[in-house]
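Asks: Got two chains here, each in a separate frame; can you build the complex from them with the hints?
Protein chains in written order, with the numbering used here: chain A, 492 to 609; chain B, 45 to 156.
Hint data in this document are derived by calculation from the structure and do not stem from the laboratory.
Predicted model only: the values in this text are computed from it and were never measured.
Any given hint could turn out to be false.
[As the list claims (entries may be wrong)] Pairwise CB distance ranges (calculated):
hint: 1; chain 1: A; residue 1: 504; chain 2: B; residue 2: 63; range: 43 to 53 Å
hint: 2; chain 1: B; residue 1: 99; chain 2: A; residue 2: 494; range: 14 to 24 Å
hint: 3; chain 1: A; residue 1: 508; chain 2: B; residue 2: 59; range: 25 to 35 Å
All C-beta atoms, glycine included, are put in the ideal place defined by N, C-alpha and C.
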Amino acid sequence: QVQLVQSGAEVKKPGASVKVSCTVSGYTLTQLSMHWVRRAPGRGLEWMGGFDPEDGETIYAQKFQGRVTMTEETSRDTAYMELSRLRSEDTAVYYCVTDSGTYYFYYWGQGTLVTVSS
Amino acid sequence: QSVLTQPPSVSGAPGQRVTISCAGTSSNIGAGYDVHWYQHLPGTAPKLLIYGNSNRPSGVPDRFSGSKSGTSASLAITGLQAEDEADYYCQSYDNSLSDSRVFGTGTKVTVI
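Just chain B, same shape as in the assembly (with noise of 0.2 Å):
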């Protein structure tokens, strides 16, 4: 019942680009509110990878990118690695819930 929809699973093969996508409304991405993704590897907490649309925590690799246009948003990794195979969430605010902060569905990354 998540407000903030990301496609279930990509995968791309050592070295590739592959894009995630976090697809929001007016009440949230679309009202203007930021945009943070989070990784999540299996057995540890989740880290911080994006914040304010495009901006990454001190030592997030480049290879890790953000964007966000009108009511949508998206991750990028490019030279994709093996220890890039995670889950991914987007998050945001939303004024038209009592539950403000949302977090996206959850993109499960493979690299084959």
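Okay, chain A solo, but in the shape it has when bound (with noise of 0.2 Å):
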């Protein structure tokens, strides 16, 4: 059984970063495939990204390109999403979730509550 357990919420200003940590256990990091999912305040699921093991590579939804980086430090089973230049429309809960191999995500953490507001 996976269990992913996150970093607690933060409060950012606007430009700012943000970094979010999600820690494995039960399986190791290198097992695993780990993307990141958001959902702001009265808007719905949103992909942002994640590890494509056909690749090899970490692939970015095109609309975080350029301002989000994932990470893995594999030697502490724990995976890392950073969000910079942040604004007030990143206000949300972010999620670290492992998909399946299939394009599904099963596992997914608690939940990270960013807040961007000056």
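Replies: This is the structure in structure tokens:
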């Protein structure tokens, strides 16, 4: 059974960056394909990007390219998502999720609320 | 700007059957890619409800069922219960976009 535990809520000012962590237990991070999904208030689920094992690369949704960086620290079984140049519209709950290999998301972290406010 | 379109809301009385549609295109559902469904209850993480068009993960009641035909898919909930009140999302793969994993616009199910 995979468990994903995310870091705590963050409050950031516009223009700042945020880095959210996701620690895996039950499996090792190298056995998983980690992705990130967010949900902003009043909006739907939005895929941000993740590791594509077919290409061996991290892929990002077009909307976030240039602003998001997803990394992994395999020695700690921890994945990170850093979003820069934050704006108020980035206020959302951010989830780490595991891609099954057939393009669906089975395991979800508990979510991290990021609030962007001046 | 999602490529998968769902109705914003559906409602039903307890015990009734409701269906949620998910309309795609020839580059996602119509290209043969599977459709998956998630339930999102307030204050919790989304939960995988249906994968591979019609398969239920362990623990998901058989009141939930999924189907796919052509460029669309649907989720049916039979014997609607109060705890089914939530947001539901379809999701698939799209081969025409750099955004390969795509979610539907989401549907709010209300139990009246």
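Asks: Look at each hint and say if it fits the structure.
Replies: Verification of the hints:
{"no.": "1", "hint": "504/A <-> 63/B: 43 to 53 Å", "verdict": "holds, 45 Å"}
{"no.": "2", "hint": "99/B <-> 494/A: 14 to 24 Å", "verdict": "holds, 23 Å"}
{"no.": "3", "hint": "508/A <-> 59/B: 25 to 35 Å", "verdict": "violated, 50 Å"}
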